[in-house]
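There are 2 protein chains.
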Amino acid sequence: MVKKKTNTEQRIVDAAKEVFILKGHDGARMQEIADTASINKALLHYYFRSKDKLFERVFHEVFSEAFSSIAEVIGRANTIEELIEYFVSYYVAMLKSKPYLPNFILHELNRNPFMVVDLIKDSGMDKSFLIQLLVKESNRKDIRDFNPVHIMVNILSLSIFPFVAAPIIKGFIFDGNKVEFDNFIDERTQHITSFINAAIFKNQS
Amino acid sequence: MVKKKTNTEQRIVDAAKEVFILKGHDGARMQEIADTASINKALLHYYFRSKDKLFERVFHEVFSEAFSSIAEVIGRANTIEELIEYFVSYYVAMLKSKPYLPNFILHELNRNPFMVVDLIKDSGMDKSFLIQLLVKESNRKDIRDFNPVHIMVNILSLSIFPFVAAPIIKGFIFDGNKVEFDNFIDERTQHITSFINAAIFKNQS
DNA sequence: GTCTATAACCGGATAGAC
DNA sequence: GTCTATCCGGTTATAGAC
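Residue numbers (my numbering), protein chains in the order written: chain A, 1 to 205; chain B, 1001 to 1205.
No lab work stands behind these hints: they were computed from the structure.
Here the structure is a predicted model, which is why all the values come from computation and not from measurement.
Treat the hints loosely; a few may be bogus.
Straight line, CA to CA, 30 angstroms or less: simulated DSSO-like cross-link-like pairs of lysine-lysine [stated by the list, open to error]: (1) A:LYS170 / B:LYS1023; (2) A:LYS41 / A:LYS53; (3) A:LYS121 / B:LYS1178; (4) A:LYS51 / B:LYS1023; (5) B:LYS1121 / A:LYS98; (6) B:LYS1178 / A:LYS136; (7) B:LYS1121 / A:LYS23; (8) B:LYS1170 / A:LYS53; (9) B:LYS1141 / A:LYS202; (10) B:LYS1170 / B:LYS1098; (11) A:LYS121 / B:LYS1023; (12) A:LYS51 / B:LYS1053; (13) A:LYS23 / B:LYS1096; (14) B:LYS1053 / A:LYS98; (15) A:LYS127 / B:LYS1170; (16) B:LYS1170 / A:LYS136; (17) B:LYS1127 / A:LYS98; (18) B:LYS1121 / A:LYS178; (19) A:LYS121 / B:LYS1098; (20) B:LYS1023 / A:LYS23; (21) B:LYS1178 / A:LYS170; (22) B:LYS1051 / A:LYS51; (23) B:LYS1141 / B:LYS1096; (24) B:LYS1121 / A:LYS96; (25) B:LYS1127 / B:LYS1096; (26) A:LYS41 / A:LYS98; (27) A:LYS121 / B:LYS1053; (28) A:LYS121 / A:LYS96; (29) A:LYS23 / B:LYS1051; (30) A:LYS98 / A:LYS127; (31) B:LYS1178 / A:LYS127; (32) B:LYS1127 / A:LYS178; (33) A:LYS98 / A:LYS51; (34) A:LYS170 / B:LYS1136.
Work out the full structure: start from the sequences and follow the hints.
In structure tokens:
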């Protein structure tokens, strides 16, 4: 049986998550984390030896929040239609509830690319299954001739990028109007799936 | 006539650009910038009063490298086909030569969202022209019924995101093979334009 | 303008009492 | 486990000679 984590330890991790997400690894201050957790700096070092160790813990937790169930979602798909639908609806819904995720991960991707890529490889996401499915489906008569890798990148781009660029879309396109932006996000799953389907299927009017 | 900038000043800005892009605002060190420019720290403060002032100068320069000609490119478009072609080919080519740009700007977008959005507004990019063109074109009989804002965001997403996520695509999809990744980028302009065209135009086989 | 030396400060980490 | 007090290295910024 897993030993129950102390209350303080979780409080620290939660506070660290908040500050690291807001300020990034380099911008975050141990003092601010301590203040947010309502404890003192020394205690941070008692639970986690260093800032880097604390960050590592936070990153792993945040990362698995994002990727723990994606492999299973993909695995259920038998056709490209299902893959698109499952993938997009899962990603957009998940990012709607955790909009900070893409920037947090991309930030670390720049500081430490190999570590992040290794984490993705270990996440259970089955690349060969994905490629196999896409290659098989690309032979269908009703589907246009596209490179499966581009299709995969397109699905990711259309789902994730609006969250990465959210302040620009909100500020520039919607003049800071939060309601209009939220509407836009709510329409997004439906729009992306029909947009991609229109692109890859032949003979639709 | 504009006074010619001293050699040293430009050397500092170039060095700062390099370091800030690589390490980000918070991760960059004035010492490293000085070393890169082959001068000493004191001289940095002689030319620019503080780290923040130097960063501001660098950011403005990098930003205008990215956006100075985009407004003119968009302005030449009369139809949605032209808009897509001009926009995608300009962006992908520009990002191919400056792949660091998206992350640098997105990083600052998190630190300072309003400043970045204000810069975009002042960049001469004519939002109403863009919307007007898209709305007009969306009435065409040969075009599917799509929300113009989503189309605009799609064009941006498909063009920019692969550069943002480059280490993941390179590392995870292409197993670190740089040549395959470069090929992928070279195919990208062509792929995106035909993908978007297939999505928005009716009755294509 | 450019340098060396140093001030002033900040932030991560530790010592040691309770 | 939790606290206060403090250390110590590193970083921005300045003083002052040349």
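The hints, checked one at a time:
1. A:LYS170 / B:LYS1023: It holds: about 27 angstroms lies between the C-alpha atoms, which stays within 30 angstroms.
2. A:LYS41 / A:LYS53: holds, 14 angstroms
3. A:LYS121 / B:LYS1178: Given that 30 angstroms is the threshold and the Cα spacing comes to 18 angstroms, the pair holds.
4. A:LYS51 / B:LYS1023: holds, 18 angstroms
5. B:LYS1121 / A:LYS98: holds, 28 angstroms
6. B:LYS1178 / A:LYS136: holds, 26 angstroms
7. B:LYS1121 / A:LYS23: With a Cα-Cα distance of about 25 angstroms, the restraint between LYS1121 (chain B) and LYS23 (chain A) holds, given a limit of 30 angstroms.
8. B:LYS1170 / A:LYS53: holds, 27 angstroms
9. B:LYS1141 / A:LYS202: holds, 18 angstroms
10. B:LYS1170 / B:LYS1098: holds, 17 angstroms
11. A:LYS121 / B:LYS1023: holds, 25 angstroms
12. A:LYS51 / B:LYS1053: Between LYS51 (chain A) and LYS1053 (chain B) the Cα gap is close to 28 angstroms, so the pair holds against 30 angstroms.
13. A:LYS23 / B:LYS1096: holds, 29 angstroms
14. B:LYS1053 / A:LYS98: Status violated; Cα separation ~33 angstroms.
15. A:LYS127 / B:LYS1170: holds, 13 angstroms
16. B:LYS1170 / A:LYS136: Roughly 23 angstroms separates the two Cα atoms, so the pair holds.
17. B:LYS1127 / A:LYS98: holds, 29 angstroms
18. B:LYS1121 / A:LYS178: With a Cα-Cα distance of about 18 angstroms, the restraint between LYS1121 (chain B) and LYS178 (chain A) holds, given a limit of 30 angstroms.
19. A:LYS121 / B:LYS1098: holds, 28 angstroms
20. B:LYS1023 / A:LYS23: holds, 14 angstroms
21. B:LYS1178 / A:LYS170: Not satisfied, since the Cα-Cα distance of roughly 35 angstroms exceeds 30 angstroms.
22. B:LYS1051 / A:LYS51: holds, 24 angstroms
23. B:LYS1141 / B:LYS1096: Roughly 35 angstroms separates the two Cα atoms, so the pair is violated.
24. B:LYS1121 / A:LYS96: Judged against 30 angstroms, a Cα distance of about 26 angstroms means the pair holds.
25. B:LYS1127 / B:LYS1096: OK: LYS1127 (chain B) and LYS1096 (chain B) at ~25 angstroms, within 30 angstroms.
26. A:LYS41 / A:LYS98: Given that 30 angstroms is the threshold and the Cα spacing comes to 28 angstroms, the pair holds.
27. A:LYS121 / B:LYS1053: violated, 41 angstroms
28. A:LYS121 / A:LYS96: At roughly 24 angstroms apart (the allowed maximum being 30 angstroms), LYS96 (chain A) and LYS121 (chain A) satisfy the hint.
29. A:LYS23 / B:LYS1051: Cα-Cα ~18 angstroms, so holds.
30. A:LYS98 / A:LYS127: Holds - the C-alpha atoms of LYS127 (chain A) and LYS98 (chain A) are around 24 angstroms apart, at most 30 angstroms.
31. B:LYS1178 / A:LYS127: Distance ~18 angstroms between LYS1178 (chain B) and LYS127 (chain A) Cα, so the pair holds.
32. B:LYS1127 / A:LYS178: holds, 18 angstroms
33. A:LYS98 / A:LYS51: holds, 24 angstroms
34. A:LYS170 / B:LYS1136: Given pair LYS170 (chain A), LYS1136 (chain B) holds - Cα atoms ~23 angstroms apart, limit 30 angstroms.
Hints 14, 21, 23, 27, counting from the list given before, are not met by this structure.
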